[in-house]
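Chemist: When you get a sec, could you build the whole thing from the sequences and use the hints?
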Amino acid sequence: MTIATSLEDACAALAAEPGSLVLAGGTDLMVEVNRGSRSVEDVVALNRIPELAGWHLTGDELRLGAGVTFAEICDPEIAALVPALAQAARTVGSPQIRNAATIGGNIATASPAGDSIPVLAALDAVLELRSAEASREVPVTEFITGVKATCLMPGELIEAVRVPVLDGPQEFCKVGPRNAMVISVASLALLVDRSARRIRVGLGSVSPMPLRATQAEDHVSGHLDWDNGVPPRLEVVREFAELVASSASPIDDHRGSAAYRRHAVRVLAQRSLTRVLNRVSSS
Amino acid sequence: MSTDPFVLEVNGQSHEVADAHPGESLLRVLRERLGLPGSKNACEEGECGSCTVLVDGQTVCSCLVLASTAAGRQITTIEGISGDDGLSHVQEAFVDAGAVQCGFCTPGLIVSIGSLLESDPDPSDLAVREAISGNLCRCTGYGRVLEAVHLAATRRGGST
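Residue numbers (the working numbering), protein chains in the order written: chain D, 69 to 351; chain P, 43 to 202.
Hints may contain errors.
A short list of chain P residues far from chain D (calculated; beta carbon distances all over 12 Å) [said to hold, decoys possible]:
1. D126
2. V142
3. C144
4. G183
Cβ-to-Cβ under 8 Å is the rule here; a few derived chain D residues that face chain P [claimed, not checked]:
5. M69
6. I71
7. L91
8. G94
9. M98
10. V101
11. S107
12. E109
13. A113
14. N115
15. R116
16. G161
17. S162
18. I165
19. N167
20. A248
Quick caveat, the hints were computed from the structure, so don't treat them as lab data.
All C-beta atoms in this analysis are idealised placements derived from N, C-alpha and C, irrespective of residue type, glycine included.
Modeler: Given below as structure tokens:
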């Protein structure tokens with residue numbers, strides 16, 4: 069096991085043992101370690117690396133170090149830039165989990181229920197990947213290739229996540245049996261992008277990979293009164309919700325049925341669109 | 043096989059840990075190697091909060107911290123919450139409000155609530171519920187826990 073104290077150290081350790089697993093906040097990995105189902109012999113711990121901490125804003129682009137925690141993303145300064153990401157962060161686990169769990173870990177774990185994933189998909193987030201030899205950039209929607217599967221190559225780690233700061237209100241909604249400590253049964257991020265005159269929608273827990281409801285986006289974006297903010301007819305909102313539901317490809321599992329999940333994203337789509345449009349027309 | 047020795051700063055004291063297993067959690071090291079059994083071990087998956095400690099002033103589940111990665115951080119356990127002058131305001135309020143039944147969740151709750159009151163000295167019920175959402179109690183129904191938090195907040199405010 070290596071406890072890296074710089075990015076260079078971490079990349080060198082990963083290059084020496086390319087099959088190593090990285091440990092960030094520990095909230096997923098340590099569960100397996102405690103159960104005895106994973107050894108830490110091949111682990112490279114990243115939680116002491118200053119380069120992975122912190123965030124900065126350049127123009128209208130926010131760069132979050134992979135080690136930024138969900139508690140930090142809830143901070144009002146970040147919440148003002150990417151409101152839906154902060155809303156999603158607030159639904160992660162409990163205060164204890166949010167103080168430890170990192171955005172890089174959430175992405176690399178690549179669970180279909182990862183709370184940040186639908187927001188990052190809707191934002192067209194770009195990941196900065198790094199290894200001892202090279203750096204590359206991959207959109208989050210291409211990074212996750214299946215259930216808990218990514219295109220991360222041996223020796224590579226996530227260094228940072230870049231997202232645009234959009235002009236317009238945002239919503240994140242999540243369905244689960246209670247408010248805290250739940251794994252999402254279905255979730256949805258809806259972002260207004262005024263300058264591109266587009267509604268962006270990301271879905272969570274209803275597909276193996278990050279999912280954008282592009283047909284629904286196309287449909288509703290073309291039906292909105294972007295100049296005067298007059299709310300659309302209810303029929304448009306319903307059609308939008310229907311298109312969102314039909315874009316999902318959910319499964320039945322112990323947390324919910326496919327039919328329930330499809331219905332849930334339909335409701336979340338209608339609710340979140342109504343909420344953001346109320347804010348568009350009142351501003 | 044054990045890890046290289048490392049030093050943990052717990053409750054203001056340095057402890058050398060020389061014999062931990064490679065995957066050993068901070069919780070296990072605290073309880074089984076440092077003689078600090080106040081943090082409780084229940085779920086070992088970050089759900090129950092009975093192992094809550096402060097690391098650099100922030101609440102975390104010590105069961106999810108790989109012990110060797112906590113070297114150099116300031117760790118505060120339930121044993122470090124009360125001062126030489128007796129119980130903390132939160133601990134006293136728990137006693138007075140009857141917020142303890144079986145007691146297993148109590149250390150975690152005390153640490154979480156102490157941390158809340160540091161940042162929000164007069165929290166709303168909603169803020170309290172959110173702050174203790176990662177501390178499961180199966181006895182009290184939380185009613186007296188909420189009472190205890192408000193009692194502690196009042197006394198704390200009165201004493202400063």
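Chemist: Each hint needs a verdict: does it hold in this structure or not?
Modeler: So, going through the hints one by one against the coordinates:
1. D126: Nearest chain D Cβ is 28 Å from D126 (chain P), so the label holds.
2. V142: Holds, since 20 Å exceeds 12 Å.
3. C144: Given that every Cβ of chain D is farther than 12 Å from that of C144 (chain P), nearest at about 20 Å, it holds.
4. G183: holds (15 Å)
5. M69: Result: holds, 6 Å to nearest chain P Cβ.
6. I71: holds (6 Å)
7. L91: holds (6 Å)
8. G94: It holds, given that the least Cβ distance between G94 (chain D) and chain P is near 5 Å, below 8 Å.
9. M98: holds (4 Å)
10. V101: With a minimum Cβ separation of about 4 Å from chain P (threshold 8 Å), the hint on V101 (chain D) holds.
11. S107: Status holds, d = 6 Å.
12. E109: Interface hint status for E109 (chain D): holds (6 Å vs cutoff 8 Å).
13. A113: holds (5 Å)
14. N115: Holds: closest Cβ of chain P sits about 6 Å from N115 (chain D), inside 8 Å.
15. R116: holds (7 Å)
16. G161: holds (7 Å)
17. S162: This interface hint holds because 2 Å falls under the 8 Å limit.
18. I165: holds (6 Å)
19. N167: Given a least distance of 4 Å, the restraint on N167 (chain D) holds.
20. A248: holds (3 Å)
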